[in-house]
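Asks: Sequence:
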Amino acid sequence: MEMRWTAEQKQVIGLHQRNLLVSAAAGSGKTAVLVERIIQMILNQEHPIDIDRLLVVTFTNAAASEMRERIGAALDTALKEQPDNLHLQRQVTLVHNAQISTIHSFGLSVIRNHFYEIGLDPGFRIADEREISMLKEDVLDEVLHEAYEEKRETFLYLIENYSNTKNDHNIRQMLGSLFEYSDSYPWPEEWLDESLSMYQCSSLEEMDALPFMGELFAWLNQMIQSLLQTENQMLNIAQQEDGPVLYLEAIYDDIHRLEQLEGQKSYKDWYKALQDFSFQALSRKKQTCDPEKKKKVQDLRDKVKKQLTVLKNSYFAYPPAQQLQMLQDEKIPMEELVRLVKLFRKKFAQEKGDRNILDFSDIEHFTLNILVDSETKKPTAAAGEYQQRFAEVMVDEYQDSNYVQEALIRAVSREENGEPNIFMVGDVKQSIYRFRLARPELFMEKYNQYTIEDGKYQRIDLHKNFRSRQEVLDFTNEIFDHIMDVDMGNIAYDEKAALYPGAAYEETKDPKQYQAELAGIVLSLDQKDKVEAEARYTAARIRKLVQSTEFDYQDIVILVHALKGFSETFVRVFSEEGIPLVTTSKSGYFSAIEVQTVIQFLKILDNPRQDIPLAGVMSSAIGGFSAEEMADLKAAFPEKSFSESVLAWKSLNKEEWEKLLESSKDRGADVQRIQQKITTFWELIEKLRELVPYTPVHELIQQIYRETGYLNYVTALPGGRQRKANLDMFLERAIAYENTSYQGLFHFIRYIEQMLKYEMDYGEAELVSSRDHAVHLMTIHKSKGLEFPVVFLCGMGKEFNLMSLNAPMIFHPQYGVGMRWMNGQYRVKCSGISRQVFGMLERKELLGEELRLLYVALTRAREKLILTGIIDEKKSFTPCPLKKGEKLPFVQRTEARCFWDWVLPVILSNEQPWELEIIRDYERAEMEADKKAELFNSREKILAALSQTDSKALSLWDERMSWKYPYEAFGIIKQKVSVSELKHRYMEEQIAAQAAEFYPKQDVIPYLPKFADRKEEENAGALKGTAMHRFLECFDFAGLLNCKGLQAGDWVEAEFDRMRHMHLIDEALAVRLDIKQLTAFASSDLAFEMAKAQKEERLYRERPFVMALPACQVWEEAKGEEPVLVQGIIDVFWTGEKGITLLDYKTDAVSNGGELAGRYRKQLLLYGQALEKVFPQMKVEKIFLYSFRLGSVISVE
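In this note's numbering, the protein residues as written are 7 to 1203.
What the hints contain is simulated information worked out from the structure, not anything from laboratory work.
If a hint is listed, it holds; no wrong ones were tucked in.
Ranges of calculated distance between the beta carbons of each label pair, as one might list FRET restraints:
1. E538 - K86: 55 to 61 angstroms
2. S961 - Q1175: 49 to 55 angstroms
3. G584 - A641: 46 to 52 angstroms
4. T701 - R727: 24 to 30 angstroms
5. A355 - V1112: 52 to 58 angstroms
6. D379 - E501: 42 to 48 angstroms
7. L811 - Q553: 41 to 47 angstroms
8. L92 - Q23: 23 to 29 angstroms
9. E143 - M967: 52 to 58 angstroms
10. L1070 - E1102: 20 to 26 angstroms
11. P795 - D296: 46 to 52 angstroms
12. N812 - H53: 54 to 60 angstroms
Taking lysine-lysine pairs in the DSS-like style, the calculated list, with each CA pair at most 30 angstroms apart, reads:
13. K890 - K452
14. K1179 - K646
15. K788 - K502
16. K536 - K518
17. K311 - K1082
18. K1082 - K1098
19. K337 - K850
20. K318 - K1030
21. K337 - K318
22. K730 - K683
23. K502 - K452
24. K850 - K271
25. K318 - K835
26. K271 - K312
27. K462 - K384
28. K790 - K550
29. K835 - K142
30. K693 - K730
31. K893 - K302
32. K890 - K515
33. K850 - K893
34. K893 - K300
35. K1030 - K1101
36. K536 - K850
37. K570 - K730
38. K311 - K299
39. K311 - K850
Ideal Cβ positions, reconstructed from N, Cα and C, are used throughout, including at glycine.
Required output: the full structure, derived from the provided sequences and hints.
Replies: Quick look at the structure:
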């Protein structure tokens, strides 16, 4: 059947002799069009070309293989129709050697053909990723060691101010990040030198002229425009018939002042304008209006105030002159970092040269050195050869190219000769590989420059989607029409960028059958695992979908942001629910117990004096030691470490042996059995250690498997096939290690530790099995390029990963590096203007990437989309109509923390066919009921089958299956517990009892979630309690002896100032202190009693304790006398002639002292018990609580 191409697709296939950029929307058939373009160039009757005269660059090896197969199949079909065509016969032969590959594969071919031009040994190999990590670490050690010995002033300044107090980990991280980032540029050292330019400014005028300052001024104007948008929204509400008209004066004043803020020309002008900005108070006159509208205006105005305050505190926290000085101060450490990175680059390259190895970065840069002159930046003679060879250069997934790849592509094209011949296809809305340093701005630069008219530099847009139903496209278009724009996402989502249906689907009788669904899951009080709650809902919804529609399990995919934190829970829950689920997890391999055991065994073969690995192997099936035996082993030599204890047992003389026998009688230890097991175990260790110096690691591991029988043992366990596959995979890793430039067991352990350090987990070994009839779970990144009938996008409420904003350095491709200003002498750090602006730009880029991830996820669905996620009840949202093409306010889009923050405001703002379904306990109960009904039916079938079974066999089966573990009750009893846990447990029991008595079950009220307000409510009570405790821990009570009455307040203020000056209390806690409440306490008789005790050195504060108590005294349900460790921290106590006085500070919101005393009585009695054990000659005479809320001392009996 002949393919019917659209007019735009025909243009893409037929246009040549130009640079052509194809912006191909999701599902637009770009791969099919690219393949057809190649086929048509080969089969062209007038100017046919050989396939090896095309350079086709793909993003992955898999994509290259698929494209080669498609082209090969098309050529085979054409040859069948024209069997005598010599040109076709030649192409069928050439297709296997055609240059259809990734940029790295092409680079390798260039290097192998031109190695002599860069002085490279042709016998090089591509190094293993872990080998490169180890080599980097070794070279960095050498660079820093030399720097410490050299003692340059600039290096010492860097160490003093930017390392932490214990090690130079921060410096290592900064050097590594700077090296990696600079390596993504064609000429890394030139970029490093350019990055220093912004630190050279000597005046405010020069600072204003820095390129990144232009970004700041544009950002500020954009934020002001967004605030004006909010003010106009307030204006519309106030002008309505029942609106708060008396607020209009203040609103007009806000608008006038905000408009005056726009267009400031310098940092100094902005600083002054924002410092002078003030809001007119809203009218307090009584007015007749809709109270909801009045409240809405007040809330919106509070938002404007808050956002303006954030601007001032973020970018104008320091005066202009101080900002300039901080920027200049950052020059010294930055210059030293650049010097060290250049030195590291040189030594690293030399080390790789000595070993004759290359990494992927070398492939790109060596290819560039062959093709481009480093001084003139012009193509070399070698590049000219490729320009003549390739009639056209084609780049797939162009939106994911970087600067080095761009330079390579241009070097082998004929663009430099005035004959542009680059074909680029991609979709900037699907650029999701920023973490690999992809540069979507390269795509957008051409997107904006190229014309849609016929010309040498032309752009063609493919809008039609041949994948998805109209319902999927309508939902996607509606969402992105209001959230994606040039300011976030790199492209305006308008009619040109929207998706249009091109696929033919049968009409359905039920219009809602294929509509997108949104499920917001509200956690109940007893639910703590968000992922499990979402997994259970998803499993229930999938079961219902499969039972009620034509979809089957294999039609469904679950997409998540990252498998870590999701895959294990989803696999477990789906297994419990009886739903088949497959996932290729990239985690879990190194946490597998069998792999951990073998790694620990290798560690003790390298060095037996390692307590944790030794204990791990001894307690495993290899050692066979029980917990009691290991405890007895260690108890025999309490003063020694665990490994020394084992060695001591091994070398006991007769006298020591007899002494040990005598002492073991009291403990009931079987010392002879322990001695025998240690001897056997250590003989095995010594036998295998003898092999270490001359045995390859993979052979050593095989010997371990044989000598211990451990491989056979794990194979016989439940899940044995998986366990065996994991150990086989570990053996493969050892073989791979033997091919690196490192040798020996010590370096193999380092090799494994590098994987753990950089989270290079392989995921558990994948078993070869049928994947039919199973739901798939994968990441959004993994799903790119794929399609599925039904897509569940889970984790909509999971917060974005914005950790890079807290990194020591923030990078920008055009402007360089933003770093913190730090003063090592006072251990003070802050973010100057460069750091703040770079952080703002980084946040925009991170959110833009998240936006594009959401687009990729939604466009994977062919027929149905279901979005699920946890919803926070505490967030509020007031619907606000959005016109076609109108974006959510810029501030709202930039404050998003999860996908819900973008999607829900759009869905709930207008009349939409999509509804947000709130999943609460009662709905989950209905799902559980459906599941139980299904299980009941299965149970009835099983019982019917059992009725035909032999009665004796049934009786035996019943006896065995009814057995109960006699000590089951002890399984719920913790062996170590904090006093706070016991208090919380008591409170929960009290609350539950009161709730049952006073709050009978209510009818369920429909719930509208609170989303837009993005205010995260902190646990203010806990923070205040922490602040008050810290103040009193540092407070000099003895100073109160010189104060009387009102003077105590002056002493509290003086102490407050002292603590802040000496950094004894964090600023975040200082603002939460209630000075009035502290003064009231300082004025009490109890405080003066504490002052006397401090003066006489009888006052003790914040004293931790651990004590053993019988389990029955700690847990009411426990019956035994087994000891339980109870730990806690006592706020304050002091000793006197009559005994000990114990005091605990409380900030709880209570109405009376009796309530507080009842809440904490058990906790304080435990404190008293602990003190009497510490001071056996004294008794706890008095126990007090001081309530800051009530301002009173409460005695606890």
